[in-house]
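Respectively, the protein sequence lines represent chains A and B.
Quick note on my numbering: the first sequence kicks off at 1 and runs consecutively.
Quick note on my numbering: the second sequence kicks off at 1 and runs consecutively.
The reader is advised that the hints may include incorrect statements.
As the list claims (entries may be wrong) - If the Cβ cut is set under 8 Å, some of the chain A residues that face chain B in the computed set are:
# : residue
1 : 40
2 : 52
3 : 55
4 : 65
5 : 78
6 : 298
7 : 315
No lab work stands behind these hints: they were computed from the structure.
Think of the CB as a built atom: it goes at the ideal place given N, C-alpha and C, for glycine as much as any other residue.
There are 2 protein chains.
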Amino acid sequence: MNKKAIALMAVCAFLLSACQTEDPNTKEKETVGKEMETTSQLSNDYYSAIITDGAYQTSLNRGITLGLNSNVNLKAFETGLMDLSQKHYATDTYYFQEGQYIDADTTSKWLSRVSEENPEGLNPEDNGDVEPDGRNPIYLDSLLEQDYMIKKGDGFELGGISIGLAMNSVDYYTKKEFGSEFETKISKEELLAEGQKMADKIVQRLRKTEGIGNIPIVVGIFEQSTKDNLAGGVYISEAISEEGSTSLKDWKSINQKKLIFPTSGEESNELSSFQNFKAEIENFFPNLSGVTAEALYTDNQIMSMKVSINTQFYGESEIIALTQHVAEKASSFLLPNIPIEITIDSINGTEAFLSREAGETEFYSHVFD
Amino acid sequence: MNKKAIALMAVCAFLLSACQTEDPNTKEKETVGKEMETTSQLSNDYYSAIITDGAYQTSLNRGITLGLNSNVNLKAFETGLMDLSQKHYATDTYYFQEGQYIDADTTSKWLSRVSEENPEGLNPEDNGDVEPDGRNPIYLDSLLEQDYMIKKGDGFELGGISIGLAMNSVDYYTKKEFGSEFETKISKEELLAEGQKMADKIVQRLRKTEGIGNIPIVVGIFEQSTKDNLAGGVYISEAISEEGSTSLKDWKSINQKKLIFPTSGEESNELSSFQNFKAEIENFFPNLSGVTAEALYTDNQIMSMKVSINTQFYGESEIIALTQHVAEKASSFLLPNIPIEITIDSINGTEAFLSREAGETEFYSHVFD
Chain A
1 MNKKAIALMA VCAFLLSACQ TEDPNTKEKE TVGKEMETTS QLSNDYYSAI
51 ITDGAYQTSL NRGITLGLNS NVNLKAFETG LMDLSQKHYA TDTYYFQEGQ
101 YIDADTTSKW LSRVSEENPE GLNPEDNGDV EPDGRNPIYL DSLLEQDYMI
151 KKGDGFELGG ISIGLAMNSV DYYTKKEFGS EFETKISKEE LLAEGQKMAD
201 KIVQRLRKTE GIGNIPIVVG IFEQSTKDNL AGGVYISEAI SEEGSTSLKD
251 WKSINQKKLI FPTSGEESNE LSSFQNFKAE IENFFPNLSG VTAEALYTDN
301 QIMSMKVSIN TQFYGESEII ALTQHVAEKA SSFLLPNIPI EITIDSINGT
351 EAFLSREAGE TEFYSHVFD
Chain B
1 MNKKAIALMA VCAFLLSACQ TEDPNTKEKE TVGKEMETTS QLSNDYYSAI
51 ITDGAYQTSL NRGITLGLNS NVNLKAFETG LMDLSQKHYA TDTYYFQEGQ
101 YIDADTTSKW LSRVSEENPE GLNPEDNGDV EPDGRNPIYL DSLLEQDYMI
151 KKGDGFELGG ISIGLAMNSV DYYTKKEFGS EFETKISKEE LLAEGQKMAD
201 KIVQRLRKTE GIGNIPIVVG IFEQSTKDNL AGGVYISEAI SEEGSTSLKD
251 WKSINQKKLI FPTSGEESNE LSSFQNFKAE IENFFPNLSG VTAEALYTDN
301 QIMSMKVSIN TQFYGESEII ALTQHVAEKA SSFLLPNIPI EITIDSINGT
351 EAFLSREAGE TEFYSHVFD
């Protein structure tokens, strides 16, 4: 079963469970009389989330992002949109709520190909061709809605919406069910142009949706990474529709990339410092099966790094010694001043974890015993 | 393949790789001319580990503890012996090294049944009976050696040894290969008496081992938990052999236990505070598949708690909101003053982690994005 099918099943299972437990009389959208509170906020990097009647509200198309190429894409798609949103909706005045306007049924229609039966489809019609270069590819792979709420009297009201569009740079498809997988490659220019056209249509549709009115809508275009890429995708373009406008102008390009060290890194200070760190660790420890890192760049400047150390688990003493050694070598070899997260994993899961925030010199560390 | 077989294969694979890479001329034990340094020490709870010629020395019977009933037993067996050792060998003057005296071949003989072919076996002879109550059970399941080194001039020398004996309260066995599993139950009194007898024999053998001489030997008797227990085992008795003595007197019993909340907890403040916490979290979040905790007691006093929250993964926003909510509710509901570790896991692994050390009021938290 492919990931799309799993995602769809997850959505179905969720909708089914919602149907079974929800009183049909309460289905219409009403916030009157509901008690709303918020979660705590662990740092300015995060939004407090809205809690309605004691429960966290999951999105109406919950589970749809499970269909992305990989788990790293899923996380980057969601947290990337939150990061974009922070420039428009400050974390100290806005509160987070998962998307409550675009439901699973609508999402499913939008993500499908346009056809007579599905006039709302955002992906191009099936032209009958099944060859990689002849067919119309699926450009839009997934769609994410995030709602940003503001305090109003005793309650909260919608203050802004953000929409993420996950675009394919490679569209994976099969010619028949359970057949071999083929690929249609899509250039960055093409996926960007298609994404921007779709964004306009989505904004027009949202402006007609009850409860949205003239609030700002931020749209981010996300280029998901391919299935064989250990790094997640990045947002490459964004725009905002304000004052009820039904189109998006002034698209801003975002110059971000993620490199996997040591394999895809270009020669640089940070790569050679990582290679020295890696050599120190591997030399010390006989059974490491991999030391890699995902480095995030904005405007060709390294912003943060996630290091992943894989080890065969022979015992807890080794893990403790390794963690202590890593803490020391990370401080002396890895780039200062950027946030770094290091996980030590075995087949049993995460065995230890180290983290240094921006501006700190020491690593926090924790061994899971 | 059972866990014992896997553990044995791990030992074999390791020995094989050692044979392939090691120069036969360097095989005799010599520390002269070797460059020894140590890892950093993250806190007083941990020992710095010795690094010899840039490499961490794994134990000579590495992998043998993989044969225990569960991963939680393995970790408790190792870290428990380190904890015991701290009372005898202070973490600021002693350095940790994995066992370098009892090799894999010796361990394998000691853990087997005694017989004409294997006079060194510590487990009782096979009496021919295969019935749970008639047969002689395997009392000793695994054996752990830890070496504690002290600084001497430019180098290090052995300052003390600790031995852990992992005893079965249930001996799982099959009547024929690949047959059904049967159980022989062993009372605590019986496993303790057997463990103490074995400990004497081991100390006598170690006193004759080259390089050990008259250094102190701490022995801890560990009662491993059964296969169906989510909690790991505990050390129940300890003794020390000093000044070259060949027997252990003055066994001290250790009154520790681990309870799983909410299932095996007895009515108590800590259990009801945990239940309130659990209810708050489950109410807030629609799809949690489990909120449990392992509580460690010493002398019937709760010492620490490890909380494990399992969730189905639908997206990163949920994980962030859940983590923020958990941080707040843990602070207000869970017992103050004891160290608490909380992990939020999904099928993808650890999604987030929170921790509060003894004496702190706030939780440290980290979301793996």
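Exercise for the section: Tell me if residue 55 (chain A) is really an interface residue toward chain B, meaning its C-beta lies closer than 8 Å to one of theirs. Expected result: Status holds, d = 6 Å.
Exercise for the section: Would you check whether residue 315 (chain A) satisfies its interface hint, that is, whether its CB is within less than 8 Å of any CB in chain B? Expected result: Check passed: Cβ of residue 315 (chain A) comes within 6 Å of chain B, closer than 8 Å.
Handout entry: chain B contact restraint on residue 65 (chain A) - CB to CB distance below 8 Å
Key = 6 Å, holds
Handout entry: Hint check, residue 52 (chain A) versus chain B [nearest Cβ-Cβ separation less than 8 Å]
Key = Cβ of residue 52 (chain A) sits 10 Å from chain B, so the hint is violated.
Handout entry: Interface hint for residue 78 (chain A), Cβ within 8 Å of any Cβ on chain B
Key = At about 4 Å, which falls below the 8 Å cut-off, the nearest Cβ of chain B leaves the hint on residue 78 (chain A) intact, so it holds.
Exercise for the section: Let me know if the C-beta of residue 40 (chain A) comes in closer than 8 Å to any C-beta of chain B, holds or violated. Expected result: With a minimum Cβ separation of about 4 Å from chain B (threshold 8 Å), the hint on residue 40 (chain A) holds.
Problem - residue 298 (chain A) as chain B interface residue, shortest Cβ-Cβ below 8 Å - result: 16 Å, violated
Comparing the model with each numbered hint stated earlier shows that hints 2, 6 do not hold.
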